[in-house]
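2 protein chains.
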Amino acid sequence: MSGRIGKRSIVFDTKPAVLGYAAVVGKKEGEGPLKDRFDRILEDPYNGEESWEKAETSLIRDSFTLACSKAKLSASALDAVYAGDLLNQCVSSAFALKDSGVPYFGLYGACSTMAEALLLASMSVEAGFAASACAVTGSHFCSAERQYRFPLEYGGQRTPSSQWTVTGAGAVILGKGRSGVRVSCATPGRIVDAGITDMSNMGAAMAPAAHDTLKAHFADTGRSSQDYDAIFTGDLGALGHDILEELFREDGTELGVRYMDCGVLIYELRTQEVGAGGSGCGCSASVLAGHILPAMRDGVWKRVLFAATGALLSPTSAQQGSSIPGICHALVLEKED
Amino acid sequence: MSGRIGKRSIVFDTKPAVLGYAAVVGKKEGEGPLKDRFDRILEDPYNGEESWEKAETSLIRDSFTLACSKAKLSASALDAVYAGDLLNQCVSSAFALKDSGVPYFGLYGACSTMAEALLLASMSVEAGFAASACAVTGSHFCSAERQYRFPLEYGGQRTPSSQWTVTGAGAVILGKGRSGVRVSCATPGRIVDAGITDMSNMGAAMAPAAHDTLKAHFADTGRSSQDYDAIFTGDLGALGHDILEELFREDGTELGVRYMDCGVLIYELRTQEVGAGGSGCGCSASVLAGHILPAMRDGVWKRVLFAATGALLSPTSAQQGSSIPGICHALVLEKED
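From first to last, the protein sequence lines stand for chains A and B.
The numbering of the first sequence is the working numbering, which starts it at 61 and goes up by one.
The numbering of the second sequence is the working numbering, which starts it at 61 and goes up by one.
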């Protein structure tokens, strides 16, 4: 029987199957270590649109359309789409999906959106509320800079702890299936506020939330990090990655080389001038759809823990002196033969 | 068996039960026709906080806490909370719930958030992923004016078609139960874009989405409007209410007096100077928790269709000339003895 396991986790007995996925990224992401992994790399940061916000919309729409086509499903065959983004009022997702005709659930999970969307899509498919459902999200460096930081033209300097918003989108379609990669378990995140107020150090703000969710996951399932071939956090970046390792070390757990962060993987940190690494909804989404799922398909990893992380702040909350609460949702992906 | 019915609807066989609910509203709402229905009416628009955004946060937190207490549940006993709001990056929900310790699913459904949250909470409870779950949302006139329109101090004139953002919040807790009000069915909304670009006429932008969802609901369930004792849209206001009536009239259906709109009910439109009526996430949320659910408990209505509506725009999308896409999620509430 599917249902709850332990205090916070959910087990999926029918294991919703990954039917299709796609990742579309920007030029800089297409020059990074994962450059050969993505479905499409943009030449033009506007992607032929009139504004960065509309470019972000087109990235999300393109990844959605491509994932449907790779799943051999027409969009109209989907019963639900779970989508969100970083823009005010989540307009890039809404405008990307507005003509799809698919029942739409708008989410705001900041950079954890891909995991939140996958979790809800898994629940829908598992319970029979949807025969197939899509999880999709994305972000754009230029629209995020304009909204969260400074006009790009200002050319402001960045602190080394800051992260680079990924221009990219990822879409994953779940449905009933007997083989391939499937979602077997999930641990929804609660909000953790470690009191960090530095908007240029998101890794430090989000790492305690990742620690909270992964610890709960291990306790609920009776598993340890050793039971996974790979563990991915969303976008803690190099600093957050090390903080999470240290938090587990204090618990007596070494995460070891199996632990990786999507924000560290997507760029060459020494040469690409991205501060502590990638961030944004599109970071974990494009690494999942471009790198993790294809590698699982190819047999590189059999069991993966995917734990996207989000910082639940706004420029207004930061200006009003509030701290930066973090969240992390985790899912177990298993390759079945 | 719970699952899908018709093209888009979902039937809940175990019928998640409403265990508790609460509505907290501002002074103006507390002077309207529903003034005796709310759990708490603020005297101070700041609710003792330093900013309107923090006041909005406190409204959401208060309605959540009160609903838990009325359900005789400690917050920590909840397995999930589904929450969202209108503020950029949905900060009022995140900050309201950050210390609750409850697994958190952030949503962005604009003014349809209460229905979206209830739909997802119903799915979680029905499928056994949560023993109990909360749906909560709210809005604040002052924080919305500042973000979407003009500084309040500017004293800008309002067009008669514009709506007044409700200062208020509502929370509903669902779980297993054998009596009282229960959720028996839902029809998730897809995005409908009627091409409206006037930010001061949200009713016209959202009415086609309400028409789309309600028509799908009637087709999927084989029911007509006559099968409901009352039908509520979220915040179409007086103009949107009439547009929806007209759209159904073109289909040969008279919605009649059983059809009401939360944005029309919450204010005295002739005297309270609110344009075409109330809007905002807190509109349908506080009318549901303050008026509809208590009236169902008291036997006024046995079967209600609750259809909250949202406009998926942002100031940026409007400034870039985009139209205003709408969405509407619908749920069937039934009183069992």
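These aren't lab readings, by the way, just hints derived from the structure by calculation.
All of these numbers come straight from a predicted model, not from anything done at the bench.
Glycine is no exception: its CB is placed at the ideal position from the N, C-alpha and C atoms.
Be aware that a few hints might be false.
Restraint-style ranges between C-beta atoms, simulated for each label pair [what the hints assert, rightly or not]:
#: 1; chain 1: B; residue 1: D104; chain 2: A; residue 2: P375; range: 21 to 31 Å
#: 2; chain 1: B; residue 1: D104; chain 2: A; residue 2: G66; range: 18 to 28 Å
#: 3; chain 1: A; residue 1: G359; chain 2: B; residue 2: R209; range: 32 to 42 Å
#: 4; chain 1: A; residue 1: D159; chain 2: B; residue 2: Q379; range: 48 to 58 Å
#: 5; chain 1: A; residue 1: G63; chain 2: B; residue 2: T125; range: 42 to 52 Å
#: 6; chain 1: B; residue 1: S129; chain 2: A; residue 2: E310; range: 32 to 42 Å
#: 7; chain 1: A; residue 1: R363; chain 2: B; residue 2: E91; range: 34 to 44 Å
#: 8; chain 1: A; residue 1: G359; chain 2: B; residue 2: Q286; range: 37 to 47 Å
Taking lysine-lysine pairs in the DSS-like style, the calculated list, with each CA pair at most 30 Å apart, reads [claimed, not checked]:
#: 9; chain 1: B; residue 1: K67; chain 2: B; residue 2: K275
#: 10; chain 1: B; residue 1: K362; chain 2: A; residue 2: K236
#: 11; chain 1: A; residue 1: K132; chain 2: B; residue 2: K236
#: 12; chain 1: B; residue 1: K67; chain 2: A; residue 2: K275
Each hint tested on the structure:
The hinted window of 21 to 31 Å between D104 (chain B) and P375 (chain A) holds, with their beta carbons roughly 26 Å apart. Restraint check, D104 (chain B) to G66 (chain A): a C-beta distance of roughly 43 Å breaks the suggested window 18 to 28 Å. The hint said 32 to 42 Å for the Cβ distance between G359 (chain A) and R209 (chain B), and at roughly 56 Å that hint is violated. A hinted range of 48 to 58 Å for the beta carbons of D159 (chain A) and Q379 (chain B) is inconsistent with their spacing of about 21 Å.
At roughly 28 Å, the beta-carbon separation of G63 (chain A) and T125 (chain B) lies outside the given 42 to 52 Å, and the hint is violated. Judged by the Cβ atoms, the range 32 to 42 Å given for S129 (chain B) and E310 (chain A) holds: they are separated by roughly 36 Å. As the Cβ distance of R363 (chain A) to E91 (chain B) is approximately 59 Å, the hint placing it in 34 to 44 Å is violated. Distance hint for G359 (chain A) and Q286 (chain B): a CB-CB separation of about 58 Å, inconsistent with the stated range 37 to 47 Å.
Using a Cα cut-off of 30 Å, the hinted pair K67 (chain B) and K275 (chain B) holds, with the two alpha carbons roughly 11 Å apart. Proximity of K362 (chain B) to K236 (chain A) is assessed by CA-CA distance (about 37 Å); at most 30 Å being required, the pair is judged violated. In summary, the hint linking K132 (chain A) to K236 (chain B) is not supported, as the alpha carbons are separated by about 39 Å, beyond the 30 Å threshold. Between the alpha carbons of K67 (chain B) and K275 (chain A) the distance comes to roughly 40 Å, so the proposed pair goes past 30 Å and is violated.
Checked against the numbered hints listed earlier, the structure breaks hints 2, 3, 4, 5, 7, 8, 10, 11, 12; every other hint is satisfied.
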